[in-house]
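Chemist: Listed below, chain by chain, are the residues.
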Amino acid sequence: MSRIARRFATLRQQGRGALIPYVEACDPDFDTSLAILRGMPGAGADLIEVGVPFSDPSADGPTIQKAALRGLKGGSTMKRVLEMVAAFRAGDNETPIILMGYTNPIEAYGPERFCVDAKAAGVDGLIVVDMPPEEADLLAGPAAAAGLDIIRLVAPTTPDDRLPVVFNGASGFVYYVSITGVTGTRTASTDELAHALPRLRRATDLPIAIGFGIRTPDLAANAVRAADAAVVASALLNTLEGTLDADGKATARTVPAVLEQLRGLADAVHAVSKAVTK
Amino acid sequence: MSATDIQAGANSLRSGPDGRGRFGIFGGRFVAETLMPLLLELDGAYKAAQADPEFRRELDYYLKDYVGRPSPLWFARRMTEQLGGAKIYMKREELNHTGSHKLNNVMGQILLARRMGRTRIVAETGAGQHGVATATVCALFGMKCAIYMGATDVERQKPNVFRMRLLGAEVVPVTAGAGTLKDAMNEAMRDWVTNVHDTYFLVGTVAGPHPYPQMVRDFQSIIGVETKKQIMAAEGRLPDVIVAAIGGGSNAMGIFHPFLDDPEVRLIGVEAAGCGLDSGRTAASIERGRPGVLHGNRTYLLQDADGQITEAHSISAGLDYPGVGPEHSWLSDIGRAEYVGATDQEALDAFQLCTRTEGIIPALESAHAIAYAAKIAPGMDRDKIIVINISGRGDKDIFTVAEHLGVKL
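Residue numbers (the working numbering), protein chains in the order written: chain A, 31 to 308; chain B, 2 to 410.
Please note: incorrect hints may appear among the correct ones.
[Stated by the list, open to error] Sample of chain B residues facing chain A (criterion: CB under 10 Å; computed from the structure):
hint: 1; residue: G29
hint: 2; residue: Q51
hint: 3; residue: M117
hint: 4; residue: L141
hint: 5; residue: M144
hint: 6; residue: L302
hint: 7; residue: I310
Treat the hints as calculated values from the structure; they're not laboratory data.
Just so it is clear, CB atoms sit at the ideal spot from N, CA and C, and this is done for glycine as well.
If we strip away everything but chain B, and leave its shape as in the complex, we get:
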C-alpha cells in the first residue's frame, strides 16, 4: 500500500509475500475449507482496493483527521542524557486516537470491510488495544462488533473492557485454555466460520492466514514511512538502530518494513522474555520456539515435542501469545532483523524510566522495546541514533504496574 512497496523490485526484501502468501517457508493459508473461499475473496478485494486511488484517498483522510497522523518523532533528550550514549528518538504511536498503533490497521480494514459489504465485525484482542480500536471504528461507521478476549485478559485489562462496552461492542470472555490471546483467536475464528455471510474478521496483528500478515503490515507501514521522513528532516540520515516490541509483531513490522532495504539500519524486535528466556515462562516465540502451524500460518511457535501449543507468559497481555507474524520468522531466519528478549522486570524498570525522564507513560508492550534500547544505548557512541517505537500509551497498565510495585490503588 505504501509508495515504497510499489517501488520494491524482485531483489527487494519488501516484495513478499509470494503468491501463496509465503515469506520463505513461513506464512500460507492453513484454514478450514469453509474459510478458504473467503480468504480468496478478501485477497481479491484488497488488491482491488490497493489499485483504487479513491481507497487511498479515503484512508488518508481518516488517518489525518480521525487518527491524528502523522505521529511525531520525539527526541528523548533526558533519557538520552541519563543513558549517556546513543541519541534516542521515540516514534509516538501512543498519540494516535485510542492510544496505540492499532488504529492504523483497523482503519484500513474497516474501510475494506465496508467496500466488501460486510455489516458485522469480529476481532480478537489481548491487551484490549486492538479491541478498543476495532470497537471505535465500529462506532464510527455504525457496524455491529463482537470482540473475543481471554477471560484472564478481561480480568487484567478492565479499563479497556469497559471502554469497548461503552463503544457499543459485545465483549465475549473466552475461558478455553489459559484464557489469553491464543484462545481468543481460536474463538474469533469459530465465530467467523459460523457467520461468514455478513461478518468480517478484523485481525489485529501481522499473523493469521494470507492475506492478513501482508495487509496488516501494509496498513502499519505508515509508521516506518513517516519515521524515515522525520529522521531525515531531524538528522539528515537514517537511524543506526530501530527497536520495537514483538507480540504478534504489527508495530514492529510497521516500522521495520520501509527500512528492510537499508542494510545499514539494524532492526531489533524485542520479544517478551517473561520470567526469563530459559524460565519456561516466556512469550519469546522466535527465540524459544520452533516453526509450526497455528491460526492459519506457519511461523515460530512455542510448542512441545508433539506439536501441542504451549501457553505463553508475559506481564504484558498484548505480548502474551505463543506465535509471531510469519514475516518476522522469515526476517529472523535470513538474518535481516535481530530478535531479543526483555523480561517482565526489565519492562517494569523501563516503564518507570520512560515515565520519569520523558513524561511519557508507555504501554507495558512498548516498555519491552525501551528496556532493550536502554540496555544497548550506553555502549554506543553519542553520534549514533536509536529509534524506539512507542506503540501505545500505558494508562491501561497502571493497575498491573501498581500491583508489581506493591501499591494499592
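Just chain A, with the same shape it has in the complex:
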C-alpha cells in the first residue's frame, strides 16, 4: 500500500478529514522552503504538496505565479526539488509528498528517469496540471513502474460521461478543482460542493481532495465536510510573501508565520468529525 493510500486509510479509521498544504520549492530559497516543509507535519499537515516552479504556470493565479518566479530565482531546478524532498524524507517516513507542476520540466528531465529519481527521493504522487488523461501516456508507464501515484484533476466542467475517462489510471486520490478559474481566486459555495461531490463519489472510490480558493479555516472545514481533504496553497503563499523583506528575502518571521497559519487551518479541519469507515 502506498503512503498516500495508507494515510487516507488511517484518517478514515479515525473519522478525520485531511489537510493538504502546499509549499513552493526554493521559495524564496532552498533552506526556507525545506524548513517550512519539515515543519508542516508538526503543524497538522496530513499530506503535503510540493510545487515545482515553472516559468509559465498558465493554470495558476497571481499568487502561485509569483511563488514560482521566486522559486526559480531561488535556484529551483527539478534536481533541487528532489533533493529537498529527500532531505525531508530523511526525517519523516510517513507523511505523503505529492509533487505538483507542469509537463515541460518533467519532459526536459526525462519522464522515466524523473519517476525513478522522484521515487528514490521519497515522492509518493504526481499532479501534472497540464497533462489531461488524453496525454497521460507520457507518464503512466514510468510512474506505475516506479510506484508513484498519478493524482488526476477533475473540474466542474468535466461532464458525467467523461468521469470514467478521467478516473481511468488515477490512483492515490482525486483532486477536485472546485471552480472554473485559476488558483487563489474564487471559492466554491457550499451548494456547488454539495452538488459536485455525489457526482464524483458515484464515479470513484478514491478519496477526494478539494482545492482552489480555500483560504480560511472555515472554508477548509467546509471542504472536508463535503470531501476527504482540503488543499490550501495561495493563502499560505500570501502569508509567506507578506513576511519577506524589501529584497524578497526570507526573514525570521517567514517559517513561523506560515506554520502558525497552517496550524489554524489544520485545527479546523481536524475538528470536523466524519463517519468512521474501514
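Given the coordinates of chain A, assemble chain B onto it according to the supplied hints.
Modeler: Chain B only, in chain A's frame:
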C-alpha cells in the same frame, strides 16, 4: 476546410493531425482538465461546421465582401531586376482588411464561436495584428472582446493598441514575464479557464492545443490555395520556392499547406534570428530550441536545461515568441520544409528594399521573409520563381523603424 484537404489521402503530408491532434510527436492537448471538455466540444463543433456547406458559404461571403479576397499575387518587377536572379512574386496578404493575413483565421473562428453560442471573445496578441483583426470582427458582430497584450508590446505597438480600443475592445496589458506574446498567451488562457461559460478563446496562430493548430491552418490555407491558382495563371507552373516568416507560423502554414504534396516546391520558413542565431537573443525556436510542452502543445521551444521557457527576442513583436506551431516542428523534422533565420538588421534592410523598389511598406514580420528571399534570389537562374508571403503591411512599424534609423518622428 479547403478542397485540397478533402482530397488528401493517407500518404499525403496534408492529412494531419491524427486523432490525438498530433503531427508526428508534436501537437496534442496539454491543458488543465477544466479546459479539456471545451476543447472536445470545439473539435466537435469545428467538424460539424466543416461538414456544413452553409458554414463554407457564409465564410466565403465574408472573405470576399468584407476581408476583400482574393488577394493579388504581384510580380515584383523592380525588386527582381535589382536582385538580378529569380523572379519574385508577392502574395499580397497585407491588402486584406485590417492589413494582415490574420483576418482569414479570425473570420472563420468568429463564425464558429457564433454557431457555438458564445458571446464573449478573448484573444492574445503580439504585434497587435491578431488583436486588431479580432477586435474588428467583434465590432462587426457586436460581441464583447478582451485582448491580452504584453506590456512591452503595448508600448512598442501603440497605433494598434489605439485601434483595438477604438473598435471597442478591452486591451489588457500583461506585466508578467517579459511582457510579450508568451505572457499574453498565459493570461488569455487564465481568462478563458475563468469564463468558460460564455467565452471563446480565439487563438491567432497555428499553435495551442488541438484543434487550434489544425483549424487556424485550415482557415489560413486560402492563402496557398489562391497562390497556386494565381501562379499557374501567371506562369503556367508552380513556383520553385515559397518563403514566409515564422513566429507562431500561421501565415507560413497557410501558404505552405496546399503545396506540401508538391515536392518540387521548396518551402522555406524564416524565423526571427534577432541579434543573430547564436547571440542568445533570438526567437528562432526551431533552429535553436528543443521539443517541449508549452501552451497546450508539444513543439520546438526556446528553453533551458531544466525545461524553463526562456524569453525570445525579435525587433518584430509578432515574431517574439519562444515557440512555434507544431506542424512546422514536424515539417522541419521530416525535412519537407526548411527553417532559416533572418536577423533584426536583415529585416530592417529588407523593409527598406521592399518599400523603395515596390512601393509596398511591409510589416517587420514579413520583412524577415523578404530578407531571406533577397539573399537567395541573386544565386538563382532568371527563369526560377520565388513567392514571398507579404503577411502584413508595415504602417504599424514605422515608429520602430524610425527609431532604428535614428529618425525622430
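Chemist: Tell me the numbers of any earlier hints that the structure contravenes, in ascending order.
Modeler: 2, 3, 4, 5
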